[in-house]
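Chain by chain, the residues:
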Amino acid sequence: MTAVTAPPSEGGAAPRGGSGRPRDARDERRGRWRSRRYRWDVKAMPYAFVSPFFLFFAAFGLFPLIYTGWSSFYRVELTNLDAREFVGFHNYTRLLEDEFFWNALKNTFTIGVISTVPQLLIALGLAHLLNYKLRGSTFFRVAMLTPYATSVAAATLVFTLMFGTDYGMINWALEHLGFSNHIDWRAGTWSSQIAVSSIVIWRWTGYNTLIYLAAMQAVPHDLYESAALDGASRWQQFRHVTIPMLRPTILFTIVVSTIGATQLFGEPFLFGGPGGEKGGSSHQFQTLGLYLYEQGWTNYHLGRASAIAWAMFLILLLIAAVNGLVARWLRKNHEG
Amino acid sequence: MATISTNPADQAAGAADAPRKAKRRTPGAPKAGRQLHAGPFTYIVLIVFTAISLFPLVWTAIAASRTNSRLAQTPPPFWFGSNLFGNLQTAWTEANLSTALLNTAIVAGSITIGTVLFSTIAGFAFAKLQFKMKNFLLMLTIGTMMVPPQLSVVPLFLWIADLDWTNHLQAVILPTFVSAFGVFFMRQYLSQALPTEIIEAARVDGASSLRIVWHVVFPAARPAMAVLGMLTFVAAWNDFFWPIIALTQENPTVQVALTSLGRGYIPDESVIMAGALLGTLPLLLVFVIFGKQIVGGIMQGAVKG
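Keeping their order, the protein sequence lines are chains A and B.
Each residue of the first sequence is one higher than the last, beginning at 1 in this note's numbering.
Each residue of the second sequence is one higher than the last, beginning at 337 in this note's numbering.
All the pointers check out, no bait thrown in.
Dumping the calculated SDA-like pairs for lysine to any residue here, alpha-carbon to alpha-carbon at most 25 Å:
1. 133(A) <-> 376(B)
2. 628(B) <-> 517(B)
3. 133(A) <-> 377(B)
4. 468(B) <-> 59(A)
5. 278(A) <-> 485(B)
6. 133(A) <-> 626(B)
7. 468(B) <-> 39(A)
8. 106(A) <-> 311(A)
9. 628(B) <-> 252(A)
Some chain B residues close to chain A (C-beta under 8 Å, calculated; not the full set):
10. 385
11. 393
12. 395
13. 396
14. 407
15. 409
16. 411
17. 457
18. 465
19. 486
20. 573
21. 574
22. 609
23. 616
24. 635
These are computed hints drawn from the structure, not numbers from a lab.
A virtual CB, placed ideally from N, CA and C, is assigned to each residue, including glycine.
Kindly generate the complete structure, drawing on both the sequences and the hints.
Listed below in structure tokens is the structure:
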């Protein structure tokens, strides 16, 4: 089916007027002009329609992307933007020797895992429950999505208060559960990373729940019925019908969450309080995003920040490639 | 199915029509398309998770209505105090929130208009029009969704510094004025919701492409435009990474302004919470009014994406 129809003969709506009226030369000329305009309209307008997106993308997406790669080979200081010095791969080799880069990479990975894995598992379980016939299902859906509408700043501020060492609500609750030692959530490596992850989990679980729920509602119901007739319990149905049918969606959410985790910035930045780009007193929750910000806007090394940005991009590509391979392997295993 | 319904009953009915019929279905077997009813366990778990979702927001309001010294005591307060208005007032002036809220409204509003408008026409072109390199350009659009914002931060910063745009709102608006996700979302929607015959009929009547967009595409796309608009507005309102680089406290968005509250060395927690409440309230309001549509939009985008 194409949208390109034959050019309206005799120029659009004109013939509607009087049928059988003898046409003079002026009418014919006008008709030709109209059909020329029509052809031009059909050929050129699609480009006009997509061009705003591509113009903006070229200016604010593609150009900066290449420029970042270019400036990663220079020494560019925030204090003197005009003085640039070509340094080759120096920014990259410095990066590889920098323990804080490896520390940030490791933190990004661990925080990514402890925020993404529970988040997606909880979302999967909640979606399964929401898929039952429920009273007030709209209320539950909207309520669970509410954290998604809360900004990083607001969410982190309230969680920071709740994770307070002496008067925080979470330590208070733990004390009632029998843990008498107050945890210093900001100081420890694991405790701070768990605290940061909990903000991510809180904000994004509802969103992923809805995505899983949508996919579950597209699963044909007679699959469950045949499973039930074969004597499968609800858990077995979930395990052997729902999960396999949801595999593409699960992969999709893993990719999206991984991209999000690689870019994690606001939560650790604000959780750290003043000087938050350091990610705690001993950089215990400094992510790659924070490290980039610290190098570029606290230490004024924009060239090095560019190198970090490109390193992040390469890591993302690597993750995407691994994801693709795993997806292909799963498909093959599933079919074979 | 042309649209993905959020109503489970419709879903079930649709599923029952699916070509795959259960082979061994007997008259006594449970009727096709009946969903299992939730038991009490389901309700309990859902109520617990709903409470966890809502509690930090409610508690923000509770903490905002207390004094700083009350928050530095155990047990933490679980009900409202009487200091709400004083704290809101302090936060309002201290964090420059009148400017910040106005700025955020301008920024989020402009980005929403730009994204919805350009996504709709580009999505229409990708869904219904023929042109050379269409598939290549579509793949390029989808590919751009993979590029993280961090990658463009340094050049964008150098650029706006060159143009003297630091602290100007256009520095925040223009880089996110269009969205690849939006283009893709509208394309998916329009390729199903807009019959090609209507466009052909309009062409035969001599309508130009622009007239078709105005009189045919926009009316057909309105539900998806509303959903995309709300999703874009929420994301733009909450954006943090780029605004904190491009703007300062003199002319901040709400998110940037809130950081100034949290960064004092002797922070007044109740005032911080009041600021967080003020920064979140407008969006919560949007959510209370349009929550159902936003939920439907996310689910629809998920199935088609």
